[in-house]
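Visitor: So you can see what is in the structure, the chains are spelled out below.
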Amino acid sequence: MKVLDKKDANAAELTSDEVRQDVIQVAQQDYKMTVPQFLKAVDSGKLDRSNYAVRELLVWIETLPDDDPVFVERNGGQCPA
Amino acid sequence: MPSLNEVKSLSKKVFESSRANPADFNELLNKLLTLTVAADGHRLSLRRKPKADLGLIANRIADKPLLLNNGRFLKFLMTYTCGKGTPLTITYSCFQYQCDEDRHSNRFIFRYDYNIEPEDESHPAAHLQINGEFNEKNVTSKKLEDIRFPVVRPSVESLILLLIDGFGLKANDQTGEWRKILEYSENTFREYQAKKLIHLIS
Chain A
11 MKVLDKKDAN AAELTSDEVR QDVIQVAQQD YKMTVPQFLK AVDSGKLDRS
61 NYAVRELLVW IETLPDDDPV FVERNGGQCP A
Chain B
598 MPSLNEVKSL SKKVFESSRA NPADFNELLN KLLTLTVAAD GHRLSLRRKP
648 KADLGLIANR IADKPLLLNN GRFLKFLMTY TCGKGTPLTI TYSCFQYQCD
698 EDRHSNRFIF RYDYNIEPED ESHPAAHLQI NGEFNEKNVT SKKLEDIRFP
748 VVRPSVESLI LLLIDGFGLK ANDQTGEWRK ILEYSENTFR EYQAKKLIHL
798 IS
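The listed protein sequences derive, respectively, from chains A and B.
Remember, the numbering used here sits 10 above the position in the first sequence when you count from 1.
Remember, the numbering used here sits 597 above the position in the second sequence when you count from 1.
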């Protein structure tokens, strides 16, 4: 675990950059995919969204802004915002 | 260590205002965990979606689950919505007590799961899974760990009490005040839930 220093522990609120780094890392480590590939795999049913690990990653991704770069490829290269 | 008065004032702030602030709710949960079962310096994080009324409180997904003071781990994830004029509502939660630090641990001891909109209709919205074995033979073709026992969604306070009273964790607070604090916080939360229900009905 990344041990929280005093400053981080007091801050406690995660930024979009931190969440983006985390979800990119987990998608790569756990599924050998990029985040857009992971989202496509869920949309197509290749990955089961009722699976705990899949759902956990999905809920984190959903906290990124709607116009975040990770969503662009899922929307056919178009930014949804 | 947080005192009863600190938790009281924070609980009031979270549950007695018309629109609870997620940052205060996160702080309340961290105070309860610090007081009881969390290892020193280990905390939950808050994540709010920009320009939206939703977010989550959890251990960071790329990190290990929350380290407890007995060396075991608690996977903690709670999502919420908190719209204008509507109370803070938990939409999904997963609390998993486990032996190792693996994000996808097979060595979990129990897991509570709640989803306001279940993905699989065969899963009760709130359920408990226990990783163990039946003492009796021919009970079911399923493994015990795959059976989802329907439950009422547990509060964080009752989860902490289960870890202490059921699984022998020692509270960090040596004064014994922690039990009163958990009781107070849970009662405030239950009153908030009841008020929220009346708000939804009326």
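Simulated from the structure, these hints should not be mistaken for laboratory data.
Where a beta carbon is used, it is the ideal one built from N, C-alpha and C, also for glycine.
Please note: incorrect hints may appear among the correct ones.
Stretch-level coverage of chain B by chain A, calculated; a stretch enters the list once three of its residues show a Cβ under 8 Å from a Cβ in chain A [to be verified]: (1) 598-607; (2) 726-738; (3) 748-761; (4) 776-784.
If we take Cβ atoms under 10 Å as the criterion, some of the chain B residues that face chain A in the derived model are [unchecked claim]: (5) Arg645; (6) Lys672; (7) Thr683; (8) Asn712; (9) Glu788.
Visitor: Next step is simple, just say for each hint if it's right about the structure.
Guide: To see whether the hints hold, each was checked on the structure:
no. : hint    : in the structure
1   : 598-607 : violated (count 0)
2   : 726-738 : violated (count 0)
3   : 748-761 : violated (count 0)
4   : 776-784 : violated (count 0)
5   : Arg645  : holds, 7 Å
6   : Lys672  : holds, 9 Å
7   : Thr683  : violated, 19 Å
8   : Asn712  : holds, 8 Å
9   : Glu788  : violated, 26 Å
When held up to the earlier numbered hints, the structure conflicts with 1, 2, 3, 4, 7, 9 and fits the remainder.
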